[in-house]
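Enquirer: Sequence:
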Amino acid sequence: MKLNAFIVDDESHSRRILQSMLLGFHESVHVAGTAHDITQAVAVIKELQIDILFLDVNLGGGKTGFDLLDTLKDYRFDVVFVTAYDNHSLKAFQYNAVHYLLKPIQAAALRDTISRVAKRRTSANVQPERQFREQAAVAPAVPRVALSDSGKTSFVSMGEIEYLESRGSYTAFHLCDQRSFVRSKNLKFFEDALMAYPAFVRVHKSYIVNRDRACLFRKGT
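162 is the number that my numbering gives to position 162 of the sequence shown; each next residue is one higher, with no gaps.
Quick caveat, the hints were computed from the structure, so don't treat them as lab data. Keep in mind that the hints are not guaranteed to be accurate.
As the list claims (entries may be wrong) - Using 30 Å as the maximum straight-line C-alpha spacing, the simulated DSS-like pairs for lysine-lysine come out as follows: (1) K103 with K185; (2) K205 with K185; (3) K73 with K63; (4) K46 with K2; (5) K91 with K2; (6) K91 with K119; (7) K185 with K152; (8) K205 with K91; (9) K188 with K91; (10) K73 with K188; (11) K119 with K152; (12) K119 with K46; (13) K185 with K63; (14) K91 with K152; (15) K103 with K2; (16) K185 with K91; (17) K103 with K91; (18) K63 with K91; (19) K91 with K46; (20) K103 with K119; (21) K46 with K73; (22) K119 with K73; (23) K188 with K103; (24) K46 with K103; (25) K119 with K2; (26) K152 with K103; (27) K188 with K63.
As the list claims (entries may be wrong) - DEER-style ranges, computed between Cβ atoms: (28) I105 with K205: 18 to 26 Å; (29) L48 with S157: 28 to 36 Å; (30) R76 with G168: 22 to 30 Å; (31) Q40 with R213: 38 to 46 Å; (32) K205 with A109: 33 to 41 Å; (33) G60 with R213: 35 to 43 Å.
No experiment lies behind these values; they were computed from the predicted model shown. C-beta: ideal position from N, C-alpha, C; glycine also.
Put together the whole structure using the sequences plus the hints.
Expert: This is the structure we're talking about:
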């Protein structure tokens, strides 16, 4: 299956780089077009049959990729966010993004993303009736958050997070496998971002806990 791809990024050099990288997957991907802002993107996308949208988060002028998706509303293509920052990953997965690629894009990560989308869409085309019958029984894609350490980014499922700890203007993510990651946002930022995930509860001014991972809550501690 050959995927029709579309790129939305306000930076021309970023569009060119990604388009050039996608040319390397010419047997499985066709770049149907590009756009630099929401107005241009909406006008073109509505006229095209898109399988995968590579979407920058920050589109300039105070606009974001989320604004574009809100404008399009009912879309059937897969969304891959492409950005230089990882502090939007929680919100990205609230929009059911297939992946969240960080700039500069790594060829291996792009290859994995294309393979993932191709498998999803091939399955949907070959077995639409079966998928429709099983839709209610199939668990949704597990939301993940991008966490960076020493220049490397890990995509961690929400269920792997045990708790978040305030460290002044920073927040530490503590995982069930004993790993920890520090993000340059305060705890209030993540409290707001995690509102869509009821398992995460702020139990203390310095802690947000994943209650699915908690064994005991002790009042007053």
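Enquirer: Does K103 sit within 30 Å of K46, going by the straight-line distance between their CA atoms?
Expert: holds (27 Å)
Enquirer: Quick one, are K103 and K2 close enough, alpha carbons at most 30 Å?
Expert: holds (25 Å)
Enquirer: Would the pair K63 and K91 pass a check requiring their Cα atoms to be no farther apart than 30 Å?
Expert: Cα-Cα ~15 Å, so holds.
Enquirer: Is K103 close enough to K185, meaning Cα to Cα at most 30 Å?
Expert: Within the cut-off at roughly 20 Å; holds.
Enquirer: Between the alpha carbons of K91 and K152, is the straight-line distance 30 Å or under?
Expert: Satisfied, since the Cα-Cα distance of roughly 21 Å is no more than 30 Å.
Enquirer: Tell me if the straight-line CA distance from K185 to K63 falls inside 30 Å.
Expert: holds (21 Å)
Enquirer: In this structure, is the beta-carbon distance linking Q40 and R213 contained in 38 to 46 Å?
Expert: holds (45 Å)
Enquirer: Hinted pair, alpha-carbon criterion (30 Å max): K152, K103. Please report holds or violated.
Expert: This hinted pair holds, its Cα atoms lying about 12 Å apart.
Enquirer: Assess, step by step, whether the Cα of K91 is no farther than 30 Å from the Cα of K46, and give holds or violated.
Expert: holds (24 Å)
Enquirer: Run the distance test for K73 versus K188: straight-line Cα separation, threshold 30 Å.
Expert: The hint holds at about 29 Å.
Enquirer: Within 30 Å, alpha carbon to alpha carbon, are K103 and K91?
Expert: holds (18 Å)
Enquirer: Starting from K91, check that the Cα of K2 is at most 30 Å away, please.
Expert: Cα-Cα ~29 Å, so holds.
Consistency with the previously given hints fails for numbers 28, 30, ordered from lowest to highest.
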